[in-house]
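Novice: Chains A, B, C and D supply the protein sequences, listed in that same order.
Just so it is clear: in the first sequence, position 209 is 209 by this note's numbering, and no numbers are missing.
Just so it is clear: in the second sequence, position 245 is 245 by this note's numbering, and no numbers are missing.
Just so it is clear: in the third sequence, position 96 is 96 by this note's numbering, and no numbers are missing.
Just so it is clear: in the fourth sequence, position 202 is 202 by this note's numbering, and no numbers are missing.
Worth double-checking, as some hints may not be accurate.
As the list claims (entries may be wrong) - Just the calculated beta-carbon pair ranges, DEER-fashion: (1) C:100 with A:51: 54 to 60 Å; (2) C:22 with A:186: 31 to 37 Å; (3) B:183 with A:151: 57 to 63 Å; (4) A:51 with D:272: 30 to 36 Å; (5) A:342 with B:27: 55 to 61 Å.
These aren't lab readings, by the way, just hints derived from the structure by calculation.
None of these values were measured; they are calculated from a predicted model.
Even for Gly, the Cβ is constructed at its ideal location relative to N, Cα and C.
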Amino acid sequence: MNKLKVPIMGFTEEQETFRNEVRQFIKSEKDTFESQVDSWLSGYSPAFSQKLGEKGWIGMTWPKKYGGKERSSLERYIVIEELLAAGAPIAAHWFADRQTGPLFLKFGTDEQKEFFLPKIAKGRCFFSIGLSEPNAGSDLAAISTRAERTENGWVLNGMKIWTSGAHLSDYMIVLCRTSPKNPDRKHEGLSQLVVDLSSPGVTIRPIKYLTGEEHFNEVFFENVIIPEENIVGQEGNGWRQSMAELAYERSGPERILSTFPLLEELIGTLRENKDFQGMKEAMKLLSQLYSLRHMSIGIAQLLEEGADVNTTAALVKDMGTKFEKNVAEVARLIIASSPSMTSEVRFEKLLAQSILHGPGFTLRGGTTEILRGIVTKGVIAE
Amino acid sequence: MNKLKVPIMGFTEEQETFRNEVRQFIKSEKDTFESQVDSWLSGYSPAFSQKLGEKGWIGMTWPKKYGGKERSSLERYIVIEELLAAGAPIAAHWFADRQTGPLFLKFGTDEQKEFFLPKIAKGRCFFSIGLSEPNAGSDLAAISTRAERTENGWVLNGMKIWTSGAHLSDYMIVLCRTSPKNPDRKHEGLSQLVVDLSSPGVTIRPIKYLTGEEHFNEVFFENVIIPEENIVGQEGNGWRQSMAELAYERSGPERILSTFPLLEELIGTLRENKDFQGMKEAMKLLSQLYSLRHMSIGIAQLLEEGADVNTTAALVKDMGTKFEKNVAEVARLIIASSPSMTSEVRFEKLLAQSILHGPGFTLRGGTTEILRGIVTKGVIAE
Amino acid sequence: MSDMQEIILDSTNKMFKSLCTKELIDRSEEGIFAEELWSVLVESGVTSVGVPESLGGTGGDYNDALHILQLAGKFSVPLPLAETLMVQWLLADHGISPSSEILTLSVNPKNKIELEETPKGYSVQGKAVNVPWARHAKRIVVIANVEGKSKLALLPLDKANIEFNSNLAGEPSDTIHFQSVDVADIFLEEVDVEQFRMKVTNLGGLIKIVMMSGAMEALLELSVLFSKEREQFGRPLHRLQAIQQHIAVLSGETVASVTIANKAILAFGKGVDDHEIAAAKLKVNEAAGKVTEIAHQLHGAIGVTHEHRLNQVTRRLWAWRDEFGNENYWADQLADKVMNSNTESLWEMITDHPVIAKVQLGEGIK
Amino acid sequence: MSDMQEIILDSTNKMFKSLCTKELIDRSEEGIFAEELWSVLVESGVTSVGVPESLGGTGGDYNDALHILQLAGKFSVPLPLAETLMVQWLLADHGISPSSEILTLSVNPKNKIELEETPKGYSVQGKAVNVPWARHAKRIVVIANVEGKSKLALLPLDKANIEFNSNLAGEPSDTIHFQSVDVADIFLEEVDVEQFRMKVTNLGGLIKIVMMSGAMEALLELSVLFSKEREQFGRPLHRLQAIQQHIAVLSGETVASVTIANKAILAFGKGVDDHEIAAAKLKVNEAAGKVTEIAHQLHGAIGVTHEHRLNQVTRRLWAWRDEFGNENYWADQLADKVMNSNTESLWEMITDHPVIAKVQLGEGIK
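Just chain A, with the same shape it has in the complex (with noise of 0.2 Å):
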């Protein structure tokens, strides 16, 4: 079962001074910022978005040539549970730290990595990431959206859905068809298109979110002209590009943390309510955080030394965004209250967003379903 191997991290006493060190500044802008649950979806503040790139944690494992600090994995991994952990508004650079400025790393040419990661790790830059389509949520070979090679550039057509934030971000992007489809291979064919938003021919329709809050869109391109060198990586990889993204992304803190104010709102009631048998009723909440968070803290270190966690990330995702879920379930049982959007009984607000955004947890990046069907393909292998 080498593929299930997790190592036991434990922090340098550099890294709990540099934690101390990023709390401090949580602290400082506490007033600046109302603590919400699923943060990195729904906290948008691109001025404290800056903030944070001028303190060097945007980007910050990134090169120094290219705006980063290059720092370690567990560094970035602090700075994430930190502000995770606090509910801060990290929402508008989320996608572009977590997911494009690696893409452009790795794949991305080297005028694209001087162009955007410097602005990115500014907090000046956000990209929103355009994957999902009406048609082709969990099964992305049927993306349809398609751009076709001219003299002037790529000509983009298609639609977008599920893109987190796009109304917000100044790029996107977008994985669609620049080769007909092929039925015996459906995953080729597929490229990634950097897309400024701006564009003439770009349509973008927020959709209601179950709050009533505004975080996801329908993307329309209509004739959009995207200029020839804005190709990410090879022309046709696209799909394994983007599954590669997915795949390092679902470890996490914020798989397992998006509702953690809201339990760290529980315990303080608890404690100051003094009520014990509420407390007690909490703490197989608190036992499984412990689980969860020590595999997520092993295996960033497995990527940082670049070995394959493939299976073991997707486990994290699928018990971690459980869990995030779950916290709701058992709070609202151990503090009676009438969770709601509007209250303000901080309690009864973190429920409400915990409750309503509790269905997206386990949806995005790959459901219930697709993560077990990973894992047990992972397992078997062996």
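Fit chains B, C and D to the known structure of chain A by using the hints.
Specialist: For chains B, C and D alone, coordinates are given in the frame of chain A:
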């Protein structure tokens, strides 16, 4: 959603009086048996079965001319749930009363009915059911035990496995091939034969269960001669007959109450200890039991009316057997103990029985996966 | 179910089906009251079912009314029907004729309402929290403190300040402030606060149970339909084994919830609802958590948008399970009953249901 | 993991693999003590790992010993290795050299053991319940009442009456009766009962955690193997989507359990196990319930027979989860720690782990 209709039944005063009669009888027998979990599988007592026969409570819905009492399904329901709730030893006659009798009534010849039914109703003739084979568990089409028609009758060869109580029964209803397998119609060519288990060529090898006890067997048939007239129903119609049997026996109280003796002991202990918190934790079980019991009773009524209960019965089996397991999981958390089959503490012993019998609950009579397929097909077909 | 009841439910079903559209519910959640549908309900007598004809009500019994509310739950009817009916029934007990106005009530222990006698009547001071539909209601039943005594009071809302808030379903759940509001000629009656609160909680709990069971029927229908229409990897969803597991659990939890809800309705109608409401709310609440999770998992991304009907149903289930007692509250109640039951064994308690009726049929899923 | 440790674990793994057969375990459950394997363990020094060489032990640290016990859990080693090691360690704290005998211990609050001074030593009276492996052990550590004082006592068992009982795994869990048994020359030391009981429970809990995590590895391997070898409806089991869901959950719970167990081992070795054991036993116990259910569901009928190895593993998980504290016990402990933590927030408490080591690698699934 017509297939999901379940009527709410109330019992009449006469029925409540009858319930009381049954309950008084069981109380008067209390010293003759030890209350057991899953007593319809593990509580073997020919003496007790005979007493029930004398009361007229075996085959009680059957025509009087075959030794029955022509009572209603709901009255039979009352007898069975009272016996199960008390953990009374009813394994000996169980399958004859629940399955074989009705099978004969529906498909048997007059001779078969006259010969077998009165003996069964007296609690003096026990049957076991031969369905599964090592490579044919959920997939009965794979059955390879076969009977050949000869001048002397059928000649049976092959083996059956997981036959409950075969080592203690008089006869077995064996599902076997009576004509070669047709790959296109895999379920054709199977028939049901009555096999006298004392016949030459029958070898019974008990299988040790998790508890260390022997409830199941492997039964080998080597050129066993079976009288021609021992076929039940139509030749080649065995699979359909068996499936009908299964479908109609999925929603009985034995799918809900197998671990009731533990639940009773749990609640009793909590009342004695005035453990309110523990009682509160146990209440989830009670609310589930309420809803399952009323579903099961409603279906019993539908069965009496001849309605199609294929879907709802599968639901009761699926949820009921999960509930039976869950009783053990909840009980062990509420009262910390050292579960043991050999303990002198009643709670520990019943808990051990419940845990060790647990895996069987969701396997016998159709696994969870099979049942859910049946339910979905039923619901989708509307 | 009687023939009469069947006819009433059939016509109510048709009415909701044609008038209570997804768009109507959306608009209601945006704050636009569904006036037209409300008028239809008032005119057809639905808002006073269960109030005797002798008092000017529509007649019929609680059983009729509760099955109508089950349909209201199924169609997510965005109106204060449950609240208005509850108030009509509570007042009818005191001989008060039904009103055609929108009524609401609140017995939240956090409320604090004082009435002081004035030459012209009373001056009302205080607040009530999480009051359903307060912004649209004309009058409210509360427990008020009148010169040191606790009284049931029916207060007008026209001069109250309403602070808007809403539950997860977008249903109004407002805070009412009475700032020295003068009222004259109001109904007041001394009550035992604990007993009255318990009565309202039981009735409210029962109503949520039946509405939730109706909502689950809707949720199951939507899910089955989706799994038939939608394809993935080239096959209809319902052919995938993982989806089959989902549908089966949805079906099971729905049937269990509808069954126990119908049992509770019957028991309530006969006045023998001792354990039934507690056990039913416990079960239905628990089921609500399961079915909402599964339905969303099955529907995928489309289900979490306002564009799809699913979320109107799931948000109601999430809101209602916490109204009139969550699982912990009802487990407390049930534990209390079991602890203090005078039967010898649990089994005797479970089977000790007074004879309900010879045979009651057809209270199943519609 | 150090190279040294890797070598030790490799050889232990090989030893268990070749000697600890299914048949050996069956025979042990039938009451025949696995003498030969025990001798090998004694001779190879495994029974005194963690006791310093200066005291005559094998040396190595708790970390080594606990990983050996993880393997013992994986192979269902039917021997009192954990009990013997625990006693060796507890006694080593008092400077006592390790024994080559079988040792056991019991700090069950239900025990009641009195020592009365006699001219030749002491007379022992009383009983101890649910004592693991008592029938085979030579000596036992208990808390005894000696003239009004609570003392840790190491008592010989040769003259005790042993009443046989066993846990779900068929491991001895006997009752010991001392009926005026005369003993001379025994080790006695005054202890704080609460503290000592807590110490033993923590250590015992940790040992069960690691053994259970090992057992889960075995369970996962058996299940994966079965799903590859077995066919249903003409396809290998693991191709069925429902089975894939099962395997994935098994994998997840196993990795989570092994991870948190290894974390607890590390923390214990560094003396910073404050919350870790409580959280780990809570998690591992919970996982045990899930994985045993799933593994049996996946294996079908064959899994519930004595003929298949699976039940040796599942019955151990069921037995061990209730030994040294069930989920409620450890939730209590953890709640107490959180309630009384002096950190400002939960998050600070979670992240407030003293620096363990620069990088610790390879403590994963073997």
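Novice: Flag every earlier hint the structure violates by its number, smallest first.
Specialist: Nothing - there is no hint that the structure violates, so all of them hold.
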